[in-house]
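Student: Quick mapping for you: the protein sequence lines, in order, are chains A and B. Taking our numbering, I'd label the letters of the first sequence as residues 1 to 299. Taking our numbering, I'd label the letters of the second sequence as residues 1001 to 1299.
Once the Cα atoms are required to be at most 30 Å apart in a straight line, the calculated DSS-like pairs of lysine-lysine come out as:
1. LYS1213/B / LYS270/A
2. LYS1289/B / LYS213/A
3. LYS213/A / LYS1213/B
4. LYS213/A / LYS1270/B
5. LYS1213/B / LYS255/A
6. LYS1255/B / LYS213/A
Far from chain B, by Cβ distances over 10 Å, these chain A residues were calculated:
7. ALA2
8. LEU45
9. LEU98
10. ILE126
11. SER149
12. ILE274
13. PRO281
14. GLY292
These are computed hints drawn from the structure, not numbers from a lab. Where a beta carbon is used, it is the ideal one built from N, C-alpha and C, also for glycine.
Chain by chain, the residues:
There are 2 protein chains.
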Amino acid sequence: MAARLSVKQDYESLLDKYDTWLFDCDGVLWEGDRLIDGAIEVLQLLREKKKSVLFVTNNATKSRKSYKTKFDKLGVEAHVDEIFGSAFASAVYISSVLKLPKDKKVYVIGMSGIEEELKEEGISYIGGTDPADYTLEPFSLANFTPDPSVGAVLCGLDTAINYTKLSKAFQYLIRNPGCAFLATNEDSTYPAADGLLPGAGSISAPLRYAYAKDPISIGKPNGTMLECIKAKHDFDPKRTLMIGDRLNTDIQFGKNGGLDTLLVLTGITKEEEITGPNASPIIPDYVTKSLGDLRILKS
Amino acid sequence: MAARLSVKQDYESLLDKYDTWLFDCDGVLWEGDRLIDGAIEVLQLLREKKKSVLFVTNNATKSRKSYKTKFDKLGVEAHVDEIFGSAFASAVYISSVLKLPKDKKVYVIGMSGIEEELKEEGISYIGGTDPADYTLEPFSLANFTPDPSVGAVLCGLDTAINYTKLSKAFQYLIRNPGCAFLATNEDSTYPAADGLLPGAGSISAPLRYAYAKDPISIGKPNGTMLECIKAKHDFDPKRTLMIGDRLNTDIQFGKNGGLDTLLVLTGITKEEEITGPNASPIIPDYVTKSLGDLRILKS
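Bound conformation, chain A alone (with noise of 0.2 Å):
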């Protein structure tokens, strides 16, 4: 059973124990764009005290330079090289692990976010944002000629979704051999400020379906993420906490990596999935209700 935080003790040990402190972001630090009350004290506290902090984040709709304006916006102390994103994390993957040759293409499902990072990654992609993927009209076999030079379909959360960009995706999957298929990450919702929406498994769902296969998935849990963070950042995973209010992404992610994880209340996790006897068999080591309840240590 999970460790339940509350009186300031609690919190201090934390602070005792651990030295590399992983946060999620939408649901931990905010949701949408309303900032969780505390998580700027809290954050600022823990650079006081001479701690790594690093933001680990399924969220593929931006680049880590774009996410660090998102954290400017809200007022949060962050550096580019502290933020780790799906999108950067698929392309490394798509270079390093995939090895995609050089003349080689990503067909992409999402937005500007992976488009980004696979132009610092050196890797060519079409689709994503392309003016002539953002079209509600009828999809016609007969009028496309698909790029043989396709290599990997990768989707992620894209609000512009279209029948022509699954139908795209799904014939380079069916058609060109040896055709990756990619997901950055597998969320099946995600906290908006006003509540619930279709996250970025939903998106990759219908080319699941159709193709009658499962993407590889690169963000949260896969160990990929953490294989990222271990490349740019030395940290002793026994001294390390994964902080995310996801027990299928967040604490499963810190689990396979050998960390230890604090669940908070704030995102997707209800307390019913903790609790009785529907509770998850994924258990997080300790659970607070919020980030901003570890104010208490700077009382």
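Take the given structure of chain A and dock chain B to it, following the hints.
Tutor: Here is chain B on its own, set in the frame of chain A:
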């Protein structure tokens, strides 16, 4: 193992054994707008032999009336009361089985076929082809006023699928108590004139994934469609043949209804799916390459 029809005698014995012939359309009579060679002559021959000919399609983009127009355009004799589509069956299901109260509405993801059949059945609906939902603009919950009278979400093939439609449907499923989750059918793909495209099941896949529940699927292989046919036509299941191109919908539908089945190979199912070590466990009674093969009966 399925009996492979090859000589005239094989086809003659079919003619003797079955009085009612149920036809799937896409992949059996036509692919997209291209007729299967010989389909018209074979249907004429069956009518001359006083066979009952019925058309049973999962295609929910058209109402029975507009489906009739497609038959007319391709020069295939058909009468509206011989056509059974999953849009029609869905409307019948909503009024007769679900018994949706008259003050409740259906939120539709789908095309005009569903709307027309709901209208015919006196069922109120929103969504569908409403221009307000024909948009690729980002969806914001802040600007969305959910309609508390929505008591069901019905999802069919929609080539104008977009994030606004998916988000609204998802909100109704999670917010409106008791909201039913229905799909016209769950075909993963459909055979267009020039190849496979994502089918109705791929359009409902995001909702299935985000909501973590499967819809009630109305079309083949579900028995609802057969109930609709039985309500309008007398037939002896023992002397009825279901002809289709898809094992997990058409052939399974026939089997579920106690009908004999004939698989044609002009659509989805390929030779290797019915022979060899990886053959499907769904075994039709008969197989022939194409419906046109029955022209041998005229020679």
